[in-house]
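Both chains are sitting in their own frames, so use the hints and assemble them into the complex.
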Amino acid sequence: TQLLEQSPQFLSIQEGENLTVYCNSSSVFSSLQWYRQEPGEGPVLLVTVVTGGEVKKLKRLTFQFGDARKDSSLHITAAQPGDTGLYLCSISSGSARQLTFGSGTQLTVLP
Amino acid sequence: ETGVTQSPTHLIKTRGQQVTLRCSSQSGHNTVSWYQQALGQGPQFIFQYYREEENGRGNFPPRFSGLQFPNYSSELNVNALELDDSALYLCASSRGGSNQPQHFGDGTRLSIL
Chain E
155 TQLLEQSPQF LSIQEGENLT VYCNSSSVFS SLQWYRQEPG EGPVLLVTVV TGGEVKKLKR
215 LTFQFGDARK DSSLHITAAQ PGDTGLYLCS ISSGSARQLT FGSGTQLTVL P
Chain X
3 ETGVTQSPTH LIKTRGQQVT LRCSSQSGHN TVSWYQQALG QGPQFIFQYY REEENGRGNF
63 PPRFSGLQFP NYSSELNVNA LELDDSALYL CASSRGGSNQ PQHFGDGTRL SIL
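Read top to bottom, the protein sequences are chains E and X. Read in order, the letters of the first sequence correspond to residues 155 to 265 in the numbering used here. Read in order, the letters of the second sequence correspond to residues 3 to 115 in the numbering used here.
Same shape as in the complex, but just chain X (with noise of 0.2 Å):
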């Protein structure tokens, strides 16, 4: 069974560029969430996908946006990057359905100049 898959693993960009970040979800999961995670802190919910529909956004701008699949993978997008915006990025994928255990990734290290 594959795990989550997450790339890239270390990225870095300039304030005011884009960045897109992939996730393969692990077989048989349907659903996909992202997390950002800053230094020290415990991973803060972005937004979370299922059947290529946004299921559910936190507290982020809409310069923060995403895309699922058919195949259930998922892109987590960022225009007009800032420098607060440098952070783990963690994509946790589960089956469908309430309180299915999510399964993290490994999580893109994002460093803004």
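Only chain E is shown next, with the shape it has when bound in the complex (with noise of 0.2 Å):
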């Protein structure tokens, strides 16, 4: 059982389209991230979320983390060809602070 479910897995969309995708589990986090990983590329940092409730915004990317902070959503207004990528949650936790990652949402936007 993955600790963090993201969900969809993949999503294909037009450009100009808006959409959706949620990181959800049933611990509760003191923070999340958000990164974005593109084809040959690590992970890049996106947002932290802290507080339950949260909304966050980077130009047309809408983050917000769940009252109980269990579970984050990060929403995209208008996605453009260049928000293609793999959308992670995470979390820091262990005596390293180590990330535990989601399996990711695989986004593909079609110009």
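Think of the hints as simulated: they come from the structure by calculation, not from any bench.
List of simulated lysine to any residue pairs, SDA-like, C-alpha gap at most 25 Å: (1) X/K15 - E/P193; (2) E/K224 - X/G42; (3) E/K210 - E/L200; (4) X/K15 - X/L41; (5) E/K213 - E/L199; (6) E/K224 - X/P103; (7) E/K213 - X/P103; (8) E/K210 - X/Q102.
Right, dumping it as structure tokens:
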């Protein structure tokens, strides 16, 4: 059983559409991160959410942390081909504050 | 500011061989973490090095080992390679201390034949 469940696993949409991807768990977290990974590259940190109910915006991307701090969502408005990539949520835990990742949502935005 | 660099970018080995992957941390970062990312999966934590000592380890067998050097660069060594070791190996560096963001390199793609 994955600690972090991401859905959907795959998403293919047309340029200009809106979309939401989810990261869910039965555990409560002190914080959660979202990364984007493009082919041939390492993950790049997009945002860290800390407070239950928190909403953060990064241009066309809106991140929300659930009130109970068990889940998070990422909403993209007017998606563009440059948004294509693997979107990963993660939490840090353990003595090394190592990252535990979900399996990711592979997003493809078609021109 | 130089980011995290990894070498080589691609590597092909056969079962039973040994491999060494290298990582140079970002300037000012003294902590290096290694992750394994299988195809279609999120990265999985292998271990972390801080001040040249292993600082935490994930659920990987002892044939996965590492080193950190005084300049904070790091190596990941894998002995007795198995087919399931085929993956993208990612290195991430960070400043010491809790909740410091980790910055990833672009990884080494290891293929085992």
